[in-house]
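Engineer: Protein chains in written order, with our numbering: chain A, 5 to 460; chain F, 152 to 614.
Keep in mind the hints are simulated off the structure, nothing from the lab. Certain hints may be false.
Partner residues are not named here, just some residues of chain A that face chain F (Cβ under 10 Å, in silico) [what the hints assert, rightly or not]:
#1 Glu100
#2 Met127
#3 Lys131
#4 Tyr184
#5 Ile434
Covered stretches of chain F (chain A as the covering partner; in silico rule of three or more C-beta atoms under 8 Å from a C-beta of chain A) [unchecked claim]:
#6 272–283
#7 368–376
#8 467–473
#9 526–538
#10 549–560
We treat Cβ as the ideally placed atom computed from N, Cα and C, and that holds for glycine.
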Amino acid sequence: MHLTKHLSRIGLVITVLLASSCSRQEEPSTFKVPVDYYKLDNGLKVVLSENKESPTVVVAVYYNIGFRIEPKNRTGFAHLFEHMMFQGSENLGKMEFIKLVQTNGGVLNGSTRFDFTNYFEIMPAHKLETALWAEADRMRGLDITQENLTNQQGVVKNEVKVNVLNQPYGGFPWLDMPQYANENWYNAHNFYGDLADLDSAKLEDVESFFKTFYAPNNAALAIVGNFDPAQAKEWVEKYFGNIPSAELPPAPDISEPRQTEEKRFTKKDNLANKPAIAVAYKMPDRNTPEYYAMGLIDQLLVQGNDSKLYQRIVQDKGYAGNVSGGINYLGNMFNYNGPMLWMTNLIHDDNVSTDSILYELDQAIAELDTIDQQALDHAIVKMRSNLYDNLSQLYSFGTADLLASFALFDDDPARINTLEDEFRKITPEIVRNTVKEYLRPTNRTILILEPGAAGM
Amino acid sequence: MNRIKLYILTLPVLLFGFHAQAQKQTPPAGGTPVEFKLPQRKTKSLDNGLTANLVQYGTVPKVHVSVIVKTGNIHEGPDEIWLADLTGRLMQEGTSSMDATAIARKVAAMGGEVNISTGPNTMTISGSVLSEYGADLVRVLADIVMNPLFPESEIDRLKNDLKRQLTVQKSVPQAQAIEKFRAIMYKDHPYGRIFPTTEMIDGFTTEQVKAFYAKNVGARRTVVYAVGKFDESAVDKAIEESFSSWKEGPEVHYPVAKAENTNEVAIIDRPGAPQTTIILGLPALDPSHPDYTSLGVANSLLGGSFGSRITSNIREDKGYTYSPRSVINTGFRSALWYELADVTTEHTGAALQEIAKEIKRLQEEPPGEDELKGIQNYEAGVFVLQNSTPQGIIAQLNFIDFHGLDETYLENRVKNIHAVTPEKIQELAQKHFRYEDMALVLVGDKQQLDKQMNAHNESRKTR
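The shape of chain F in the complex, shown without the other chains:
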């Protein structure tokens, strides 16, 4: 990247303070790249099927340990939404040897705390402590995941917390939009079920939690990561000693989801809302597909980065919105592409038209070499950053593990980002960013939106 394209301002107004310059300076190009190497990992497998990854990284004297179990909301039935979350929370309430308060004090004395987070595909039991306590943390996390007590005395309080959280989340416009969009995309799969009802939570029992755990948690589904600065042999030994006795448990099994092709439009009424929350999208390629990396570059160019076309247009040109962005949201062998934006109510129709225009422009004409090169540099830079923190390194390793990719995905990623051609971007835009096939969810003032939807309906006929 030697020079950037200089714009000619369309409005030759004002340049306060100094005179217009005839000749602008060219930014200095920079030197020779410092070589980027993926952090080295040591892997280990126990006889019961558990695997572990140790990565020495960084200079700050801390170590991050994550125990990732391959289960989550994906293993819930239609009447069990958030049962996985409740299982995670009750798991934190103690083991056969320590109650929740004892665990909290013990790990705080190491400079950390235990977090259990439940996602669609994984349940993560993790902590981040001062380097010298790495092995101790491994032992505590192992105890929590292997010997949970699931005390009956705590379940009502935790169910009440979940109900309060549910009530609050359902009042958030972005959460309302995501819930509706996923329900449209995944009709008969847990990926489409975001929120339970309060009645459903009321009905959960300790027996159900124990059954969920027995069915879904065990050594074969578990991967341990330790990343940071730590005593490798001590941590290695702690993993061996504390996890070896664990039952094999169930095999990894993810039910494959198939996203719907539908251009359904849904409006959730929020009378008087000053903004409309927009989600617009359709099924996309998942990471096991050879074109996934290229699609990621196409997304970054279209709407996925600050300098992208949609953001330049509806934020930096029109001022309709603050934080628009497009994403590829990946699940197991299934993915969605969507644009999210909170736009001023009266500009909702206009914003949709501009998004449609940008998509169409990319489909009709390949991007310029310079524009694409810039996006490729950005994506490569982001990848380096993603591998530059302990949590980031764990996320990268978990990503390839979850999607069944091998190490070459990471090793070749920078090269593959740079290999994408303008023609490929155009082809992918035609194949995967089909505006007329996108589902649309709007959360906003319905009365105001109905008036503006003609514009959207018109823009669907663009092809």
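Next comes chain A alone, as it looks inside the complex:
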């Protein structure tokens, strides 16, 4: 789609930062991820991280465009567009990208989140060049027909039906809550899209969306696994180096106003047969001390069966068989870049009132007022273990996910190795202050799901 695609430019590779130079303070963390970060001349951020544990390699391309900032009259478009990235590029026709990866022994996927859209392959190690060539090909431009678009409109509408419209508790609360809790359209619209908006998408929209957001200076490439770094850098330059950069639009204002009153909503679900509840609190800004404190509070309140909410609601009261919760239901507390919610939700019986569940939640939060260092140390052990799980997730794709997110949002993928230290800096006092401002009842939104289907 870039008319200047044949213009070749010799890119200069600048190595910006190496992880080993990170200063260590306080208690050193025990496990480090290798990080080699640099940028191409056209602005593409590149992160390499070697790991020889298996003969495989992860290639992940992250574009700095999530569903949050999709066009206002085109809800669901960022996600529909993600599907279009598999429909054909200059050298790979429809189905050929997917077949190229699979017939070379790899697996692939793409996803659309709040603040990025990602595409990744996990390949046998010796197929790294193949994957880089293919990702570069579709970064350079798409080659799509109306037939392809119509086909994927059908597929995406079926995706919405199977995950939301024909599913009890479909969209609850991950798709619903942002729409109730947030005020700013960018955070509060239907990210999957109204079926009518999906239908009205045109080929010109696909073209203009690509031109606007899919440029190397709006992307990060992470390579994680078993490879030779010098060779990998050569290929990255060869295939991505001459993709022209684009002028990026100014970032819209996605901020949320401070919430000052509790909000309560009821949603009728005609397919569900048991009531459910979700409660969401607006998070502190990313990377502040309060943000890290919320990470530890999340561990204490709702992660694992030793957590306060599990112990109260499941173990003691038997209101529910499980309590879910966390920061960013479409990822984790690290891979987003804007306003976010801490949320918890559960399915319960008809004879348990909303208020009795909220009572347990309030009691659990009140206990945080007397938190001591020992409890924080406990939360840090859980957090560390959880971080390691993030890194290993999906054959080390999780490492690529964090590296690409930190490159894209913070221009600093080496942050991956300082997270533990940031959590260790949190004191009981910071936790108390965080609870006071962010777990206020007036900072929360309660969404009650009222079942419309017959029980048993």
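With chain A fixed as given, assemble chain F onto it according to the hints.
Structural biologist: Okay, now just chain F, sitting in the frame of chain A:
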């Protein structure tokens, strides 16, 4: 794989942004494969019959420990559906020395939690903790599985949780379809009984749970796996010390199931549903059969992978569905093949016809060498990935153990995947993917479906 076949687009419309290219580039072929070796395992047997497997794997400082007991829903009577699940849940409520909360806190302090999951064939008590706590986790898991208290005080709450879960699950269209399909396939075997009634759960007692445990759980039925980064001698010692005193318990015994050959059609009405959940299938070869690996390759080519024929057709060509897939679901000496898809209601009949067409095409003509080679590479790649995580390694080792296969199954798997010929695929499709013999379950708007079923009935007469 040097080059992929390039399509000629049937519609020469539009190529926005740039001119059609006369000559496309060929993707770079890649280098020399990095050798894949199965992770090395150390095995150990105790005098009471328990076995253990230790595998050092990876760089992340965590260790995963699973205690797998060879019992599950397969040992339930017709009036005991989910009794195994209740046993697992009550097992988590404490031992003679620690209650549930104490266990939860102790394991959380290691960076993990204990999960007990009950499946058709196995009950798995597991946890994943920071490396330094591997031996401690082994001790806790051993205590849970060997000394459960089964406290009477907790059973009503757990039964209530199961009833709530049952009610919710039965409202999910995919679960309704699976329940019906398995009931058709396995008429007189626990494999065919997915959901109990609420009355059945109401009737369960602590005595029944204790009896189920006594009859089905013991050292001879148990295999311990520790995989990840850990202190091997400490974990080895913990296994020896904590499990040696356990009773031998019952021998491994799985009642063999025989799946029905039936082309029964069942429709579960869901008025107004925008999609139909389809399950279409029949009995298949289980892993003890020499053709199992070849059948897996045939499945991957027909419907089991994203690039497969059925998925290319009903998703990427027609747009009828989002996530269609075919699977071989294995039990003990018994297996099923089926295609699952949630398709737009008005396209249900058409989707079935396309599936029938793809099956017939594979039966009438062997796949091309290139197409098959691509699928073989994919299957081999997936196998490498399956052996590249602690949980994956445990799943692979448990798979051969459960099905009574030896290590050569894993060692030769890549070679065996590549040995399958196009003619073999065609032969297996003729023998095992017989559309006219498949049972069909549809969960959707019956009024809409009745109108479309003629198409299906016609397509059954294709041979």
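Engineer: Look at each hint and say if it fits the structure.
Structural biologist: Hints, one by one, checked against the model:
1. Glu100: Cβ of A/Glu100 sits 6 Å from chain F, so the hint holds.
2. Met127: Holds, because the Cβ-Cβ distance from A/Met127 to chain F comes to roughly 8 Å (cut-off 10 Å).
3. Lys131: 4 Å, holds
4. Tyr184: 22 Å, violated
5. Ile434: Where the cut-off is 10 Å and the nearest Cβ of chain F is about 22 Å from A/Ile434, the hint is violated.
6. 272–283: holds (count 3)
7. 368–376: Three-residue rule not met by the stretch 368–376 of chain F, so violated; n is 0.
8. 467–473: holds (count 7)
9. 526–538: holds (count 9)
10. 549–560: violated (count 0)
Hints 4, 5, 7, 10, counting from the list given before, are not met by this structure.
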